[in-house]
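Numbering (the numbering used here), first residue to last: 1 to 174.
No lab work stands behind these hints, which were simulated from the structure alone.
One or more of the hints may lead you astray.
Taking lysine-lysine and the DSSO-like style, the derived pairs with C-alpha atoms no more than 27 angstroms apart in a straight line are [unchecked claim]:
(1) Lys91 <-> Lys149
(2) Lys149 <-> Lys79
(3) Lys59 <-> Lys149
(4) Lys91 <-> Lys77
(5) Lys149 <-> Lys107
(6) Lys91 <-> Lys107
No experiment lies behind these values; they were computed from the predicted model shown.
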Amino acid sequence: MGASSRFCLASRASRTVLAAIIVALPRVAFADSNFRGFSISDTFEQVQQKAKADGYEIKVLPPVVATDDDQNHLFLKLKGETCASMVFGIKQSITQMDLYPCFYNGKELALQQVVSEFVDRFGGQPEADVYQGSNCTNAEPLIYRGNTKEGELYEIFQDCVVAIRIKPGSKVQF
Numbered sequence: 001m002g003a004s005s006r007f008c009l010a011s012r013a014s015r016t017v018l019a020a021i022i023v024a025l026p027r028v029a030f031a032d033s034n035f036r037g038f039s040i041s042d043t044f045e046q047v048q049q050k051a052k053a054d055g056y057e058i059k060v061l062p063p064v065v066a067t068d069d070d071q072n073h074l075f076l077k078l079k080g081e082t083c084a085s086m087v088f089g090i091k092q093s094i095t096q097m098d099l100y101p102c103f104y105n106g107k108e109l110a111l112q113q114v115v116s117e118f119v120d121r122f123g124g125q126p127e128a129d130v131y132q133g134s135n136c137t138n139a140e141p142l143i144y145r146g147n148t149k150e151g152e153l154y155e156i157f158q159d160c161v162v163a164i165r166i167k168p169g170s171k172v173q174f
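Construct the complete structure from the given sequences, taking the supplied hints into account.
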């Protein structure tokens, strides 16, 4: 076998191995189908139990505006970093869930990557719109909105970090 034939064979073999490695790499973001074991239908107590079991530090704040609905705002932190926040309404059910990169393993992911992986995992075609609410100069000026395959409403946007906002049911408006 000539030198050029050996080089060609080695080149093909290395490309095949590289392709196999790329295919075998697991997706890091959104490691499970229900937001790391949390569900939009969880109660306040269920979220606290799951968060404690997963090692999150839990901080509960009273509502910013006093209301009659006994609303709570719960923050989940790991190593001092806020990973998620959840707002609980009248029946102590989640009315809004905000997820940040340390929650969905997305610290190095750009906005488009988060949108793509979220849609791959939870379904629903997003619609893009202009987002002008960012406080950061390097944020992409887009917001993506849609419904998951199970009917939850979602928004994905960048405001210093890429955040995912999830709300229950198809009748709730953002």
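| query | Where does the structure disagree with the numbered hints, that is, which hint numbers, in rising order? | reply | 2, 3 and 6
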